[in-house]
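Colleague: Given next are the chains, with one letter for each unit.
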Amino acid sequence: MTHTDESVLSAVGVSAGYGSGPRSRSVLHDVNVAVRRGGTMGIVGESGSGKSTLAQVLVGRLTPIRGVVRLDGTDVRRLSRRERFAARRRIQLVPQDPYSSLDPRMSVERTLAEAIDPRGRLRAGAHRERITELLESVALDGSAAKRLPHEFSGGQRQRIVIARALAVRPEVIIADEVTSSLDTSVQAEILELLLDLRERLGLTYVFITHDLAIAQYMCTDLSVLYLGTVIEQGTTDVLTRPAHPYTELLRDSRPDPSGRSTPAAAGGLATEDAADPANPPSGCVFHPRCRYGPRTHEDRTRCAVEPPILADLLPSRERRAACHYPIKAVIQDEEGP
Amino acid sequence: MRGVRTRLPAMLLVGLVLAAVIVLVAVAGPILWQARADALTGDIRQGPSGAHWLGTDALGRDVFWRTVVATRSTIEMAVAATAIAAALGTFLGAMIVSAGPAVRTLGDRVIDLLLSFPPIIIALTFTAILSPGRASVVGAIGLAFCPQFARLTNRLALSVQERDYVTVARLLGVGRFRVVTRHVVPNIAPPLLVLTSVGFATSVVTVSGLSFLGLSVQPPSYDWGSLLASGLRNLYDNPGEAFGPAAAILVTGLAAGLVGDGLVRHMDPRGTSRPHRAVRRSADPPTAGDASRAGGAAPVASVRDLSIRRPDGRELVHGISLTVDAGEIVGIVGESGSGKSLTALALARLLPRELEWSAAHLNVNGVDLADPAKAPPARLATELGIVFQDPSSSFNPALRIGTQLTEVLRVHAKMSRRQAHALAVSRLAETRVSSPELRMRQYPHELSGGMRQRAMIAAAMLPEPKLIIADEPTTALDVTVQADVLRLLKQINTTHGTAILLISHDIGVVSSLCDRICVMYAGRVVEELSVEDLRRRDVRHPYTRALLAASPDTASERDGARLVPLPGRAPAAEDQGPGCSFAPRCPLAVPVCTEIVPPLVAEPSGNAVACHVETAAAEVRS
Ligand code: SF4
Ligand code: SF4
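So the sequence lines, in the order shown, correspond to chains A and B.
Read in order, the letters of the first sequence are residues 1 to 337 in UniProt numbering.
Read in order, the letters of the second sequence are residues 1 to 622 in UniProt numbering.
Please note that the accuracy of each hint is not assured.
[Said to hold, decoys possible] Have a look at the derived ranges for each label pair, beta carbon to beta carbon:
1. G568(B) <-> R36(A): 48 to 58 Å
2. G202(A) <-> T494(B): 46 to 56 Å
3. A139(A) <-> A618(B): 35 to 45 Å
[Said to hold, decoys possible] Chain B is faced by these chain A residues, among others (derived, beta-carbon under 8 Å):
4. R61
5. L93
6. P95
7. D103
8. E109
9. E114
10. P118
11. R119
12. S143
13. D183
14. Y217
15. L250
16. P255
17. D312
18. S316
[Unchecked claim] Where chain A lies over chain B, by a calculated footprint (3+ residues, C-beta under 8 Å):
19. 30-39
20. 175-189
21. 509-515
No lab work stands behind these hints: they were computed from the structure.
Bear in mind the structure is a predicted one, so any value in this text is a computation, not a measurement.
Glycine included, every Cβ here is placed at the ideal spot set by N, Cα and C.
Let the hints inform the model, and build the full structure from the sequences given.
Modeller: Pasting the structure below:
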C-alpha cells in the first residue's frame, strides 16, 4: 500500500517475530497497514494470525525485523530519544484483560496520576481536576478515584483502563480485543463509549479483534490477517462481500442470530484446522483449506507454489487481496456488467 | 491463596500473640532466668513436679527454665539464617531476571540443580566443611535456603513483568526503576513473605536439627536442639526433658506459619472484604411456573424447581424448571451470573461440593438424580456426555488421549482393551479427528484446540449417551473452528438422535444450533422460545429484547443503528430484591414488578415468558 498523507500511523513491509538465533519464531511476514486519521482500522484474525504481534509493533513494544513503522510519515527509528518518548505517548494501548491491566494495589487515582505524570514530578494532589475530568469522560463517578481495581466490575475496569489511555491525550488508541472478556450488555457499553470518544476527541483507533460482528460494527477499514500475512484489506464491506476465500470462510463461519447463515446447518466437509503458524504452508498459506484452490481445482497448482501478493482489485484502490483467483463478485460490482 | 483456605483474622491474632510471647521470652529469658536455668540441684533426672514443671536433667538442672533460656539462641540463629537466605536469594533472583538470556538460562539451571537437594543436606555439607559452630550453621542454612528465594523471586518478577499493567506503564513512559519499585515489588511481596515465614519455621527446625547432631552450639552453650538431644538420652527417666524443647520448636513453627499467612491476607487488596457470613434464610417459595410442555415423547432430562444455594444460604438459582426431549437441542443463553452453567452442572451432578441444591424433581433419562441412592455414578456416566469450554483442561495432560478415551469404556462398560480401542478410534474418526490411530497415542498438548474439542466430543459420545451437556463448547475456539464444532454437534444429533443441552453466552451460537432456547437472567428462566421466534426477533421479555439490541451481530443488519447498552448491571445474589430481578434495569417496569416475582407463563405457542407486563399484554390480546 502506498503511504498517503492522511495516514497517521502505518506499518510498511513489516516482518516481526520473537526470540533470536535458531529458536526465533517469525510471526508477521511483510505486513502493510496504513491507519487513516480519524478512522478505525480493524485488524481481524484468528489465533496464530499475528494480530497481537502487529499491535505490539504498532505501539513500539516490538521492533520489526524488516520494514518500518511510520508515525505521520516519519520512520520512528529516525526519531531522537526525546521525540520517541513523545511519539510513544501519542499511541496508547488498551489491552484485552481489564483484570491484569490494572495494578491491583494502586487506587484509580494513583493509576491515573501515574499516566498523567509518569516521572512523578508533581505533587500527588496536583492532578485532581484532570483525574475527575478523565473519569467523567468515561462516565465514571468522581468517587471512583479512591477505590482499588477489585472494587469494580469488568466493564468499569475497562473504563478505567480507557481513562488511563486518555490521560496522555493520545491521537491513536490501539484496542486489543478490548471486549472479549465482557458480557454482551457490558460490551455494548464499552463499544458505544469508544465510538463516542472517537467523535468527541477526534481519536484514531486500531481495533484488534477476532469478532467479525464487532469489527464490522466498529471499523471504517479492515485488514484480515491469516498466518502472519494480510490477505485482504479494504473498507468494511470486506466482510460482507469478501474477495479472498479465507475472508469468505470467516463470513460463513459466523453464527448469525437471524439464522440466515447457519454454519450448523451448512454441513459438508470439515475444514482443516489452521496450519501451524511456525511452519506455514508453501505458496499461498491458505491453500490447504481453500475451497477454490488446488484442493478442488486441479489446474490451480500455482497456489501451492507461488505466494500471492496483496494487490489492488479495484480501480478505486479500495480493495486489496492476496489471492491468485479472487472471488469475482466484488470486482464486477464496481466495474458494471 | 484466597478462597482455598478461608481463615479468620483471629488466626493472625493468635499467631501474632504467640510470636510476641516468643520474642519476649527470647529477649528476656537469658537476662531474667539464666541463674535458674544453670542452677545445679541434687534432684537428678526427675520427672515433672510442682518445683520443676518439666523435671530435671542429668545434672539436676531445671528443664523448663533451660528451654526458656535456650529460646534466644535458637531464635537468633533462625532469624539470621532466614535473613541471609531471603536477602541473598531475592537479590540473586532479581539479578537473574534482569540479566541477559545467557545468564538467565545458566542461573535457572544452577537454581534447579540446588533445589534438587533437600536444604538440610546442603546445610549439613556446608557445616561439615566449615567446622561446627554457631556462625557456620547460620551461614550454611542461609545458603541452603537461598535457592528457594531466588527461584520464587525469579518466577514472580517474570510473571509480574508480563502483566499488562507493567506493559502499559512502560508505554506511558514510566521509567524502568519506577516500574520496579511501584509495580513489581509490591506485587511480589506477599508470596515472598509466606516463603519467609515458612523459611523461618524450617530454619528453626534445621537449626535445632544440626544442633541435635552436635554440629552447632557447643557445651556449655545450649539451644533447643541440644536440649532435645540430651532429652532423648534421658527419655525413660524424664520424658519432660525432650517434651520441652520439642513443644517449643512446634509452637514457634506454628506461630511463624500463622503470622505469614495472616499478613498475606491482610496485604492482599481483596483480602480485606471477607465473604459475608449471613444467617441462613429459608428458600424462596417456589415461584417459577411450570412451563414444561404437555405431551410428546418422554424427556431425556427434566428438572422441576431446581434451586442452588451458596453455603451462606444465598440462592444463585431460584427454582427453575427445564425439560429436554429426546433428540432435541435446547439452548440456555445468559450472561455471567445468570446461573446457566450451575444449572448444567447440577444436571451432570458436578456442582462444586460447597453448593447446596434441591429440586422437586431432577431426572436424567429415567434416573432420578435427586435421590443419590438410585443413581450410582457408573450409571450416570453412560446416561450423559459432557463437553466443557476449555478443551485444554478437560483432558489430563499427562495421559495419552487413547488411555483417557478407553478408560471409561473399560471401567464402566467392562469392555476388553481391543474393543474399547476400536470403538474409540471409530468415534474419533466420526468426529473428524484426523489420523485417529495416531491421535490415540498422542498427548493432549500435541493436538490443536479444535482437535482437542473434537476429541472431547468423541469422548462424550463413547457410551452412546442420550444426552450431551455442552457448556460453552466453542467459546475458547476460533470462529472457523467454532463453526466446525457446531456442525459436528448438529451431525451427532441427527445421526444418533442424541439430545443436546447447549449452554452459551452467545445468542448467535444458540440460535444457529438449537431448537428451543431458554433465556436465563439472575438465576431464573425469564423466557423460553422456539428458535424460529428468536431468529425472527419475535421475543417478549424486556431482557431478551435488550440482549438483542446490545449485540453487534444484529446491529450491523440494522444498518447504522447504534448498539443499545443495557443500563446498570445484573444483581449479585445478595442484593436481589423481592420482585422481578430485571426491574432495576427494565424500561417497562411497573410498581408490582418490584414486589412480586413474575411467574413463567406458557403461551399457546409453547413459548413462555416471565414478565408481568408482557403477560398482561398477552391476556389483552387474546
Ligand atoms: S491463492 Fe489459491 S489457494 Fe490461495 S486463497 Fe487464492 S485461490 Fe485459494
Ligand atoms: S416483570 Fe416488570 S420489571 Fe420484570 S421484565 Fe417484566 S416489566 Fe420488566
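Colleague: Which hint numbers doesn't this structure obey?
Modeller: 1, 8, 12, 17, 18 and 19
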